[in-house]
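From first to last, the protein sequence lines are chains A and B. Anchor point for the first sequence: position 29 equals 18 in this note's numbering, and the numbering is continuous, going up by one each time. Anchor point for the second sequence: position 10 equals -7 in this note's numbering, and the numbering is continuous, going up by one each time.
Warning: the hint list may mix true and false statements.
The list that follows gives simulated cross-link-like pairs (lysine-lysine, DSSO-like), each with its CA atoms no further than 30 Å apart [as the list claims (entries may be wrong)]:
#1 A:Lys3 to B:Lys25
#2 A:Lys67 to B:Lys25
#3 B:Lys25 to B:Lys40
#4 A:Lys46 to B:Lys54
Bear in mind the hints are in silico, worked out from the structure with no lab data behind them.
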Amino acid sequence: GAGVSQSPRYKVAKRGQDVALRCDPISGHVSLFWYQQALGQGPEFLTYFQNEAQLDKSGLPSDRFFAERPEGSVSTLKIQRTQQEDSAVYLCASSAPGQFTYEQYFGPGTRLTVT
Amino acid sequence: QQQVKQSPQSLIVQKGGIPIINCAYENTAFDYFPWYQQFPGKGPALLIAIRPDVSEKKEGRFTISFNKSAKQFSLHIMDSQPGDSATYFCAASESNFGNEKLTFGTGTRLTIIP
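Next comes chain A alone, as it looks inside the complex:
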């Protein structure tokens, strides 16, 4: 079946603008994660949803970052008043029970550039 999809794939924003990044998880996956990947680094956890409930937002770097998943499927990550340090690839992953644990499947990411 289809994998995790994200849109837009690329986004350029001027500093101070608000942006919204969308994630369509694999159908039926209950768990959804957002990660931030800076250039040349590994992904870093931002937030976790189980269905529509946001159960962990410990990785959100500031109150300018907001995520939602109102119907338990599609999720949106919103960044208000973007700053240059927000430039990164934002990855979404959904998960399902696997051999050992809930295996995460990643989307292609949205590359955000703040100018």
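Put chain B on the given structure of chain A with help from the hints.
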């Protein structure tokens, strides 16, 4: 605080060689250790994973070696091919009823030369 340290940062190996990538972790609550492969412009893809109750796992040409007492694990790629050229990330998580958020290493850029 970097909880998973990965080395080397980059690695060049000739085709057919066996690249080895190493990771070390600090959090003893981690109980799941996956490796991800990432090509440019793509998201990370799960390659192979291991639990700490075994010392080795093989899947095709990929092998994870795990040393619980040393808190280290490594990825070996047998008979490496140019198509294996990618960035590899080790990761770790602890069981948490679905919230198995991953802590990643910094990545190893692997180049296999023909």
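Mind checking the alpha carbons of Lys46 (chain A) and Lys54 (chain B) for me, to see if they're no more than 30 Å apart?
Roughly 28 Å between the alpha carbons, so the hint for Lys46 (chain A) and Lys54 (chain B) holds.
Are the Cα positions of Lys67 (chain A) and Lys25 (chain B) separated by 30 Å at most?
holds, 21 Å
Decide if the proposed pair is consistent with the structure: Lys3 (chain A) and Lys25 (chain B), CA atoms, cutoff 30 Å inclusive.
holds, 25 Å
Within 30 Å, alpha carbon to alpha carbon, are Lys25 (chain B) and Lys40 (chain B)?
At roughly 26 Å apart (the allowed maximum being 30 Å), Lys40 (chain B) and Lys25 (chain B) satisfy the hint.
No hint from the list above goes unmet by this structure.
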